[in-house]
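Got chain A sorted already, so can you dock chain B onto it with the hints?
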Amino acid sequence: MSAGHVAPKSMYYMVFGALIVGTILTVAAAKVDLGPLNNIVMLAIASTKATLVILFFMHVRWSSRLTWVVAMAGFFWLLILFGIGMADYMSRGWVPGTLR
Amino acid sequence: MHQPPVHVEGIPAANAHAHHPKLQHHFDTMEQQAEASTLGMWVFLVTEIMFFGGLFMAYLVYRYASPEGFAEASHHLNVTWGAVNTIVLIVSSLTMALGVRAAQTSAPPKTQVFWIVATMVFGAAFLGVKAIEYADKFTHHLVPGPNFIWEGKHPAAAEMFYSLYFCMTGLHAVHMVIGLGIMTVIAVMAWRRQFDADYYTPVEVAGLYWHFVDIVWIFLFPLLYLIGGHFIE
Chain A
8 MSAGHVAPKS
18 MYYMVFGALI
28 VGTILTVAAA
38 KVDLGPLNNI
48 VMLAIASTKA
58 TLVILFFMHV
68 RWSSRLTWVV
78 AMAGFFWLLI
88 LFGIGMADYM
98 SRGWVPGTLR
Chain B
19 MHQPPVHVEG
29 IPAANAHAHH
39 PKLQHHFDTM
49 EQQAEASTLG
59 MWVFLVTEIM
69 FFGGLFMAYL
79 VYRYASPEGF
89 AEASHHLNVT
99 WGAVNTIVLI
109 VSSLTMALGV
119 RAAQTSAPPK
129 TQVFWIVATM
139 VFGAAFLGVK
149 AIEYADKFTH
159 HLVPGPNFIW
169 EGKHPAAAEM
179 FYSLYFCMTG
189 LHAVHMVIGL
199 GIMTVIAVMA
209 WRRQFDADYY
219 TPVEVAGLYW
229 HFVDIVWIFL
239 FPLLYLIGGH
249 FIE
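Chains A and B supply the protein sequences, listed in that same order. The working numbering puts the first residue of the first sequence at 8, with every later residue one more than the last. The working numbering puts the first residue of the second sequence at 19, with every later residue one more than the last.
Isolated chain A (complex conformation) (with noise of 0.2 Å):
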């Protein structure tokens, strides 16, 4: 695979300083009592640094769109899981007489 790209090592040293930047930020907000916003700042911290390693470390950045599909598509569904299982979670026993 001559074709393949090589990024300059500068540019993994970069985003292995966002990665530790984006750890010692999210254990910092930690120890702040944001009330629910704890939760989103923290996934949000988190979903950039997964988003930096797939982007960059996994070469995702390089490569063919039928891999952006797939690698998306993972994720997508991930988030189907999460939304229609909460949904049937968090509305249990609106309605009276149902599953509780």
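Do not rely on the hints blindly, as some may be mistaken.
To be verified - If you want the footprint, here are the derived chain A segments under chain B, 3+ residues with CB under 8 Å:
| no. | region |
| --- | --- |
| 1 | 32 to 46 |
| 2 | 49 to 58 |
| 3 | 61 to 71 |
| 4 | 75 to 84 |
| 5 | 88 to 100 |
What the hints assert, rightly or not - Calculated cross-link-like contacts (lysine-lysine; reagent style DSS-like; alpha-carbon spacing at most 30 Å):
| no. | chain 1 | residue 1 | chain 2 | residue 2 |
| --- | --- | --- | --- | --- |
| 6 | B | LYS40 | A | LYS38 |
| 7 | A | LYS38 | B | LYS148 |
| 8 | B | LYS171 | B | LYS148 |
| 9 | A | LYS16 | B | LYS171 |
| 10 | A | LYS16 | B | LYS155 |
| 11 | B | LYS128 | A | LYS38 |
| 12 | B | LYS148 | B | LYS40 |
| 13 | B | LYS171 | B | LYS155 |
No lab work stands behind these hints: they were computed from the structure. We treat Cβ as the ideally placed atom computed from N, Cα and C, and that holds for glycine.
Here is chain B on its own, set in the frame of chain A:
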């Protein structure tokens, strides 16, 4: 390993010459072969997303049912060990990426093996920290089952939290152990000069697996360790 080019009817003879020894007969080009392997690995990783996804779903359901119980239980995990392990895994992902790059740039086997072994060392360090944490949970009666003891307000939710903690980090640790096995094979292959700029698919694909396991931890760390950070007893 090296098979002579096979002439198949209907395929122009031009394909048969200048043929890389690692190119298998059912692929036209090295690029196509690498693309097929990468795509195949991504399809496997999607099944892995679903595998871990079921546990994340269970976590969501029980955390939604008892947010205070989960915060109380999470408070008893050691944030320092968790953060150290997060950084150890990120470093191992960096060394992995540099290992793939070494193969891509036809670096000498010594360099390729160095990065792969470095990845394994950090992977093993992660498991070492995990062993310390697990031992601590056993001594403090935090392992779900007949010996689980919880002094707080939400014993049932805390036991559920620790069940999920052991299932999720346990499944993750199993993936790390498998990763160490894969890296051993890759290191031996690199040492035997199997990889260069024209052919490095096994390192690339093993790297995808390693980075995926890192991503799982990126989510496990905040969801398990950090939800009790501002918890007041």
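Hints, one by one, checked against the model:
Check on the region 32 to 46 of chain A: 8 of its residues sit with their Cβ under 8 Å from a Cβ of chain B, so the three-residue criterion for coverage holds. For the region 49 to 58 of chain A, the stated coverage by chain B is satisfied: 6 residues place a CB nearer than 8 Å to a CB of that chain, which reaches the threshold of 3. Taking a C-beta to C-beta cut-off of 8 Å, the region 61 to 71 of chain A contributes 7 residues in contact with chain B, enough for the three needed, and the coverage statement holds. As drawn, the region 75 to 84 of chain A meets chain B at 6 residues by the rule of a beta-carbon pair under 8 Å; at three or more, the given contact holds.
As drawn, the region 88 to 100 of chain A meets chain B at 6 residues by the rule of a beta-carbon pair under 8 Å; at three or more, the given contact holds. Note on LYS40 (chain B) and LYS38 (chain A): the hinted pairing is violated, with a Cα-Cα distance of about 53 Å set against a maximum of 30 Å. Using a Cα cut-off of 30 Å, the hinted pair LYS38 (chain A) and LYS148 (chain B) holds, with the two alpha carbons roughly 23 Å apart. Between LYS171 (chain B) and LYS148 (chain B) the alpha-carbon distance is near 27 Å, which keeps this suggested pair within the 30 Å criterion.
Distance hint between LYS16 (chain A) and LYS171 (chain B) is unfulfilled; the C-alpha atoms sit about 51 Å from each other, more than 30 Å. The straight-line distance between the Cα atoms of LYS16 (chain A) and LYS155 (chain B) is roughly 40 Å, outside the 30 Å bound, and the hint therefore fails. Using a Cα cut-off of 30 Å, the hinted pair LYS128 (chain B) and LYS38 (chain A) is violated, with the two alpha carbons roughly 44 Å apart. For the hint linking LYS148 (chain B) to LYS40 (chain B), the alpha-carbon distance of about 39 Å lies beyond 30 Å, and the restraint is violated.
With a CA separation close to 19 Å, the supplied pair LYS171 (chain B) and LYS155 (chain B) stays within the 30 Å bound.
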